[in-house]
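Student: Here are the chains, one letter per residue:
Protein chains: 2
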Amino acid sequence: MPARPPILAIVGATGTVGREMLDILASRDYPAGAVRLFASKRSAGSTIAYCDESITVNELTAGALEGVDIALFSAGSEVSRRFAPPAAASGVVVIDNSSAFRMEPEVPLVIPEVNGGILERGDGTGGCIIANPNCSTIILLMALTPIQRAFGIKRIIVSTYQAASGAGAAAMRELSDQSADVLAGRDARPVVFHEPCAFNVFSHNTKVDPATGRNVEEQKMIEETRKIWRDEQVAISTTCIRVPVLRAHAESINVELHRAASEARFRAALTDFPGLTIVDDRGSNDFPTSLKAAGGDDVLVGRIRPDASLPREDRGGETAHFGFDLFAAGDQLRKGAALNAIQIMDLVRQRVTSAV
Amino acid sequence: MPARPPILAIVGATGTVGREMLDILASRDYPAGAVRLFASKRSAGSTIAYCDESITVNELTAGALEGVDIALFSAGSEVSRRFAPPAAASGVVVIDNSSAFRMEPEVPLVIPEVNGGILERGDGTGGCIIANPNCSTIILLMALTPIQRAFGIKRIIVSTYQAASGAGAAAMRELSDQSADVLAGRDARPVVFHEPCAFNVFSHNTKVDPATGRNVEEQKMIEETRKIWRDEQVAISTTCIRVPVLRAHAESINVELHRAASEARFRAALTDFPGLTIVDDRGSNDFPTSLKAAGGDDVLVGRIRPDASLPREDRGGETAHFGFDLFAAGDQLRKGAALNAIQIMDLVRQRVTSAV
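If you read the protein sequences in the order shown, they are chains A and B. Mapping of the first sequence onto our numbering: position 251 corresponds to residue 240, and the numbering continues sequentially without gaps. Mapping of the second sequence onto our numbering: position 83 corresponds to residue 72, and the numbering continues sequentially without gaps.
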């Protein structure tokens, strides 16, 4: 990839994540040589405004990514499986938001603040696939990585409060339309989800493994955490739940540490981690919420408190705890998807610049 | 208390729980000698339809409960503290839905299916106060008591998904009105809650202890569980969260057992526990939801699966696990409050009948 402003492609440009990517690029006035937009045949021919331009959306076909330096894929696993490998083989850096390649041993799975360093090993030339983790994994590891670095994490128990946006624009519309229906006394008509989503809480819509009882989302969070942290030993229990929220996920997290920490040291570890903001005021009950996270770049963390259900140690006037509870929230479309992909692109671009 | 049909009083008759109590009594054609309704001065003089009657609501004043056999209190802790002790002293059986007396050592804290037996010790004569547990505690212990009896429970980690109804009728209206406002592009205006409740997830609205970081709801769940189970050792971590749901609470529960259980035995223990229904079909993703629980009497439990983050044992062809995850949902106004209180009343009446 050359050091000149890169030719970018967004695959899945008409989807919620694709549009969020364009919003972020436009807000940064991103120095791209060109931005090319691709989508399914159905959306081909439509135009999308970007900065002062109006860009026509093209159908993604074999060879359509020729000349592109970096392609941001967000069109589902099937499209990624079909088009990403040949693009990478022809020299394109593919940053893939689908789950298609995340667990491939040779594909880096990257949250820049957490393990961006693994991208430094390449020389910046040649195509490749870099995977963007699952949105719930990203939010979890943004909150926990500083803790893992400081004290080691033995076990994680997490329950999610996931927004409709993770299931796409149609799911977000379904939540709004159903809410209006219910308020007007009409029946909720589920189409995208298997359950009514308005004024309801239900188990995540991904397939449930008949043997383990875990759904795909829960399994992804476990496997991706282990890969990103390079820690096959960390014990993780995940429960993934949808809530009637539009675009930010929240997570209730319980952690068991390898090395006990005082509450002050635990908090200090969370401070200054890039991309993480502590929202934690007990007096005013000011903690992370879905709405506080929505539209923002940072993952919010709060409700930080020792878990009295695990042992504690006295250390000369300071009480150190082996367990803590916390509550995190992050925008599913931004840090959970589009922003993280663009941050990966930034790292790739830096690599090129420093290689030159 | 006499064996004839009792004179009942409902204190807080115009509130959400009071009205739910009346609905349940009417649906059962409850054999009461009379039903007297009390509320604050503001509501006095209004009438409420009950079966074929129209009952006038009176202001609760000193002596107003004279002649009453059983009084169901649901008007907040302050009213209970002021009026319940003199009523009990004058011979009334008070079943109190507030938190005022729950932790008093001499006050029974009762979920009939769980520890109803402790009411058998009385002879059914004379007044007393019996406390109705917190709604989140009831739902948790309905799901876990059969497990505790079968295998012993060492540690519980629970995150709640709590409905607006727990904060009363005004909170339910706030959720509906705010949702309509947001859908129409208007700002959400929080009044009852400290955060917007439409399309949002936020930490429970009770006060947070500045020392422990736990809110009042979380502390109640811990203390009440220990009292009801008579187990001061059980380790419990609670995280209480509000979700935009009208009237049913859900809970994501992780348990660590004293004695490992195979998944089959764990499920078998949950089967046939009165008031508990298993909703757990992995193939069709059919599990408990807030809406499935709303309006029903039973607590629903599902997403039953071994927690792979805890050790397992091989026992001659059967794998036994020390940890399990599950997801429960229950109607906050019914089993979480009104129904449980009426079930306590049923036990008290049985006691009288069997004493006679």
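There may be inaccurate statements among the hints.
Since the list can't tell identical chains apart, any single copy or any two copies may satisfy a pair.
What the hints assert, rightly or not - Okay, derived cross-link-like pairs now, EDC-like style, lysine to aspartate or glutamate, Cα gap no bigger than 16 Å in a straight line:
| hint | residue 1 | residue 2 |
| --- | --- | --- |
| 1 | K30 | D286 |
| 2 | K30 | E109 |
| 3 | K143 | D220 |
| 4 | K196 | D275 |
| 5 | K196 | D269 |
Don't read these hints as lab results, they were simulated from the structure.
Student: Could you work out which of the previously given hints the structure breaks and list their numbers from low to high?
Tutor: Of the numbered hints, 1 and 2 do not hold.
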